[in-house]
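Protein chains: 2
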Amino acid sequence: MKYIYGIDIGGTFVKLGRFDETGTLLEKWQLPVDASKYAERMAPYVAGAVLVDMERMGISEGEVAGIGIGCPGTIDEKGVIHGAENLQMDQISMTGSMRRFLPMEIRMENDANCAALGEYIFGEGKAYDSMAFLTLGTGVGGGIIASGSLLTGAHRCAAEFGHMQVDEAESTPCSCGRYGCLEQYCSARGITRMSGGFSPVEIFTAMQYIDETTEPLKSAALRTYERFSEKLAKGCALIADVADPAVFVIGGGVSNAGDVVVKRARELYRTFVYPGAKNTEIRISKLKNDAGIYGAAALIGHFSEKNRKV
Amino acid sequence: MKYIYGIDIGGTFVKLGRFDETGTLLEKWQLPVDASKYAERMAPYVAGAVLVDMERMGISEGEVAGIGIGCPGTIDEKGVIHGAENLQMDQISMTGSMRRFLPMEIRMENDANCAALGEYIFGEGKAYDSMAFLTLGTGVGGGIIASGSLLTGAHRCAAEFGHMQVDEAESTPCSCGRYGCLEQYCSARGITRMSGGFSPVEIFTAMQYIDETTEPLKSAALRTYERFSEKLAKGCALIADVADPAVFVIGGGVSNAGDVVVKRARELYRTFVYPGAKNTEIRISKLKNDAGIYGAAALIGHFSEKNRKV
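One line per chain: the protein sequences are Y and L, in this order.
In case it helps, the numbering used here puts the first sequence at residues 544 to 853.
In case it helps, the numbering used here puts the second sequence at residues 544 to 853.
Hints are computed from structural coordinates only; laboratory data are not their basis.
Restricting the straight-line Cα-Cα distance to at most 27 Å, the calculated cross-link-like pairs of lysine-lysine (DSSO-like) are:
1. Lys-558/L x Lys-669/L
2. Lys-669/L x Lys-571/L
3. Lys-621/L x Lys-545/L
4. Lys-558/L x Lys-621/L
5. Lys-821/L x Lys-806/L
6. Lys-669/L x Lys-806/L
7. Lys-829/Y x Lys-571/Y
8. Lys-821/Y x Lys-621/L
9. Lys-669/Y x Lys-621/L
10. Lys-621/Y x Lys-821/L
11. Lys-669/L x Lys-621/Y
12. Lys-545/Y x Lys-571/Y
Pairwise CB distance ranges, derived in the manner of DEER restraints:
13. Asp-619/Y x Glu-648/L: 37 to 43 Å
14. Lys-669/L x Tyr-752/Y: 58 to 64 Å
15. Lys-829/Y x His-625/L: 30 to 36 Å
16. Asp-633/Y x Arg-766/L: 38 to 44 Å
17. Lys-621/Y x Gly-801/L: 35 to 41 Å
18. Leu-574/L x Asp-633/Y: 55 to 61 Å
19. Ala-670/L x Pro-759/Y: 57 to 63 Å
Quick look at which bits of chain L chain Y covers, simulated, 3 or more residues with Cβ under 8 Å:
20. 689-698
21. 709-722
22. 776-783
23. 816-830
This structure is a prediction, so every number in the text was calculated from the model and none was measured.
Glycine is no exception: its CB is placed at the ideal position from the N, C-alpha and C atoms.
Excised from the complex, chain Y in its bound form (with noise of 0.2 Å):
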């Protein structure tokens, strides 16, 4: 019996799974992080949290298969993470500090990727043969998954769905310094920004009980509810129309509402993509703040075959 170790580092908590050789989680667990305080201390900090389990489950090195991790920024081949800037961690080889207390494979992806991986063996995207995962967090990011496997690109930024532009008029900038892109409307800051302070939850809430809503979250929320449907059903349409996956599934904090957040959308996105896609369902994630882990996991595990059953 051999146990995987799947990580997702974020801005807020590095959360933990151990899994069996077969992709089952066997326990989860999360660390809070100070992102002032990581960048090069983060290795010996997972490190750490994964010492300690082993210590307390006495699992011996041998026994561990490998310690798969996902993580903001873009990871080249090597380990390094670049970019990473929310978390001080720009030019980091985390791969490489981490082998110093843990002699195993250990292998990384942006965190995004890691997410829409675990969602295509483990999640929502079992039954299809492809996927685009968009993910609606503080920003938003994403991952394509086509011929079984992450399509990264050529400089390892496909899938940057958040800088899609999608609408032309924008007159305030985006954080990267252009103007309309996906990530203005769809991120739980765009939400907010748009409905004038109210955050994802009351939006989504009161679309739920719009009749028993009183303003001025009514307004705000029927006004934002229509625009994040547009921006994410064209988002939707552009990824169609460049790699017609075989459904969309939209995770990240924003999704935890529920069906609601992807109902508007659904219908719009019918009407502004090519019509040999029209069909293609937009799905809400399984997995939700968990995919990340499973993704993870997978970087080492050769899950695929086992789990993808319909």
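Fit chain L to the known structure of chain Y by using the hints.
Just chain L, lined up with the frame of chain Y:
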């Protein structure tokens, strides 16, 4: 010695090429097509052309490794053509009909995908690991090569670049019924529409000799070229945000005007795209009108390893 026929069915001509097994084009020729007369008759017409060539060259059935065909529309797994309305070839089983005359391997693919494959293996994409190919002809089509093979999509409509929305303010409908499709600006028809009647050749020639160009062409060329370039750049940026190819190659009749076609678009692309992909080159097709027959032949031959040397 075995031969491969690569055939590219278009609205005006059927182009044919006879290749050897190494992918060398031995001879090419073309036959006129009267779109109003074909449909069911296309299969015997094309098969007849191959049989005549075999007879003329003394090639036996056993010496033909196979026949690859590129054709407009969507081609399903059974070789049935859907939606090639220009050729009145909707719901036509091309490969089935051809096999009655030529009992050998016959494979079909969408014409833009074929051209992409040809350009990737033999042309401008040869030095790259992935590629997005845009064909700017009467309409706009394309193909994506990722991980060494065509990305065809779940509904066989990946790389439908012509119908990505790149203008939200457009008031003239596209042939597809929607508004602001890339095809409305970057096809030959689109250029003529934007310029008030000038041909693509007139516009691009004027841009190369703008100081010696007189009104009204001068103003039309300046205005049309900027708009064409902006939309082409925007389309490429959206493709990069989704698929992040290693290179863009621009083919189709419009690209025959040469480097001027992409000169301004290259500059604009850098400002539109996600920064990680801003150095992706936009190049002009090398194989020009022959890309389709090369790609069709590549459906049969396994040329990739042999020919893709930098």
